[in-house]
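As you go down the protein sequences, you meet chains A and R in turn.
Going by the UniProt record's numbering, the first sequence opens with residue 1, and the numbers climb by one from there.
Going by the UniProt record's numbering, the second sequence opens with residue 1, and the numbers climb by one from there.
Calculated from the structure, these hints are not laboratory results.
Be a bit skeptical, because a hint or two may be false.
Unchecked claim - Per the computed footprint, the stretches of chain A lying under chain R, defined by three or more beta-carbons under 8 Å from a beta-carbon of chain R, are:
{"no.": "1", "region": "163-170"}
{"no.": "2", "region": "207-219"}
{"no.": "3", "region": "249-259"}
All figures in this text were calculated on a predicted structure; none of them were measured in a lab.
From the three backbone atoms N, C-alpha and C, an ideal C-beta is built for every residue, glycine too.
Letter by letter, the chains look like this.
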Amino acid sequence: MASTMRPLVQLVGRASRSTFPSVERNILRKIPSQNAFLSLRTTQSAYTSTFRHNGLSSPRAFSTTPLRARARTMGQLKARNATGPFSWKAALLFVITGGAMIIYFRVEKERLARKRIAELSKGVGRPKVGGPFVLKDLSGNVFTEEDLKGKYSFVYFGFTHCPDICPDELDKMAEIINNVKEATKGENVFLPVFVTCDPVRDTPEVLRSYLQEFHGGIVGLTGTYEQVKHMCKQYRVYFSTPQNVNPGEDYLVDHSIYFYLMDPEGDFVECIGRQDTPESATKVIMEHINDWKREGKPLKKH
Amino acid sequence: MGWLPWSSDSKNSASDGGRIAPDRSSRQKCWEGRDLFFTCLDDNNILDAIKDDQEARRKCGKEIGEFESACAKAWVKYFKEKRVMEYNRDKTIERIKKEDAAKVQDLKAQGWTPR
Numbered sequence: 001m002a003s004t005m006r007p008l009v010q011l012v013g014r015a016s017r018s019t020f021p022s023v024e025r026n027i028l029r030k031i032p033s034q035n036a037f038l039s040l041r042t043t044q045s046a047y048t049s050t051f052r053h054n055g056l057s058s059p060r061a062f063s064t065t066p067l068r069a070r071a072r073t074m075g076q077l078k079a080r081n082a083t084g085p086f087s088w089k090a091a092l093l094f095v096i097t098g099g100a101m102i103i104y105f106r107v108e109k110e111r112l113a114r115k116r117i118a119e120l121s122k123g124v125g126r127p128k129v130g131g132p133f134v135l136k137d138l139s140g141n142v143f144t145e146e147d148l149k150g151k152y153s154f155v156y157f158g159f160t161h162c163p164d165i166c167p168d169e170l171d172k173m174a175e176i177i178n179n180v181k182e183a184t185k186g187e188n189v190f191l192p193v194f195v196t197c198d199p200v201r202d203t204p205e206v207l208r209s210y211l212q213e214f215h216g217g218i219v220g221l222t223g224t225y226e227q228v229k230h231m232c233k234q235y236r237v238y239f240s241t242p243q244n245v246n247p248g249e250d251y252l253v254d255h256s257i258y259f260y261l262m263d264p265e266g267d268f269v270e271c272i273g274r275q276d277t278p279e280s281a282t283k284v285i286m287e288h289i290n291d292w293k294r295e296g297k298p299l300k301k302h
Numbered sequence: 001m002g003w004l005p006w007s008s009d010s011k012n013s014a015s016d017g018g019r020i021a022p023d024r025s026s027r028q029k030c031w032e033g034r035d036l037f038f039t040c041l042d043d044n045n046i047l048d049a050i051k052d053d054q055e056a057r058r059k060c061g062k063e064i065g066e067f068e069s070a071c072a073k074a075w076v077k078y079f080k081e082k083r084v085m086e087y088n089r090d091k092t093i094e095r096i097k098k099e100d101a102a103k104v105q106d107l108k109a110q111g112w113t114p115r
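Model the full assembly from the supplied sequences, consistent with the hints where possible.
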């Protein structure tokens with residue numbers, strides 16, 4: 001975008017530079033050709049009168065000449081260049097360029113801020129959210145961090161016996177999935193994932209019917225108690241599932257209630273929390289997806 | 001309470017051994033029961049339905065019955081605790097706001113102007 005801006009700036013510069021000299025040249029050309037006779041006569045009379053009055057030939061005496069000549073040409077100038085050097089073209093160009101530059105700088109500033117956030121979790125010595133894990137999807141296939149790569153993934157932790165927050169958040173997730181799908185024109189670049197924190201009760205069958213109520217596109221993941229605990233640790237999720245519960249005993253699981261947005265390389269980008277609406281979350285996600293595309297990085301679309 | 005999918009041992013298991021969680025409609029039913037019960041508690045000036053269990057049962061017997069039959073045990077406890085927690089949270093926020101306002105008033109009296 002920077003390269004397209006430069007010619008525009010030069011164009012404006014050239015336009016304004018060329019307007020002024022042409023006007024000056026016009027004035028200069030006018031005076032000698034059309035008013036040569038007139039000015040010559042007035043100069044002579046003015047010269048004689050001042051000489052007679054003051055007995056001095058000061059250059060100031062000649063000031064009347066160009067004045068009258070200018071008055072004559074000013075009328076013509078006015079008619080010819082009613083708008084002066086500031087023609088509507090120049091004004092329009094100025095406004096468009098100014099506006100474009102303001103918009104450009106704002107967009108670029110926001111993009112860089114996002115890039116900074118996205119790159120916070122890249123490189124060595126960064127606090128790491130996410131990482132290797134081994135779980136199973138609802139068909140019983142092994143699902144690891146490799147399966148998240150290539151798309152923007154959206155990871156949520158929960159459990160089906162969650163009283164009020166998870167259902168709310170999953171409804172939000174469903175809305176976000178649809179919004180992103182719409183915004184990417186149906187491209188399959190967004191992978192919503194639900195990881196259960198409660199693998200004892202949330203078996204694949206339970207999880208499938210539970211997630212189906214919210215959105216058919218959510219990938220449900222489960223595993224052994226140890227696998228899930230490890231997954232939660234990787235994502236810095238508080239994990240408090242009791243391990244040895246008698247069958248039939250009712251319990252709740254405390255867990256973090258953030259959505260984790262992970263980029264196609266499997267690095268943490270941002271988290272979406274309770275304060276986000278489906279709209280604001282979609283906006284954040286789409287900005288990252290579009291940044292990724294603009295930088296020409298690979299995305300799986302199937 | 002056996003008619004609820006998750007409250008009895010015979011019906012609450014999926015074929016693979018997991019325990020089925022309440023679905024959307026039973027969640028809705030539970031929340032409605034909760035809201036009715038809490039409205040009744042508000043009307044009777046009861047905050048903590050665990051601490052003041054007897055009084056709550058005496059004054060809102062019908063509501064608590066419906067609430068407890070529509071929600072799992074752990075949920076009932078969770079919602080009751082959450083009510084107290086949210087009340088205390090709101091109270092704290094209000095107190096801090098009041099203290100802030102008083103402090104501003106005090107500083108203004110000493111000739112300080114907010115920028």
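Against the structure, the hints:
| no. | hint | verdict |
| --- | --- | --- |
| 1 | 163-170 | holds (count 3) |
| 2 | 207-219 | holds (count 4) |
| 3 | 249-259 | holds (count 3) |
Violated hints are absent here; each numbered hint is respected by the structure.
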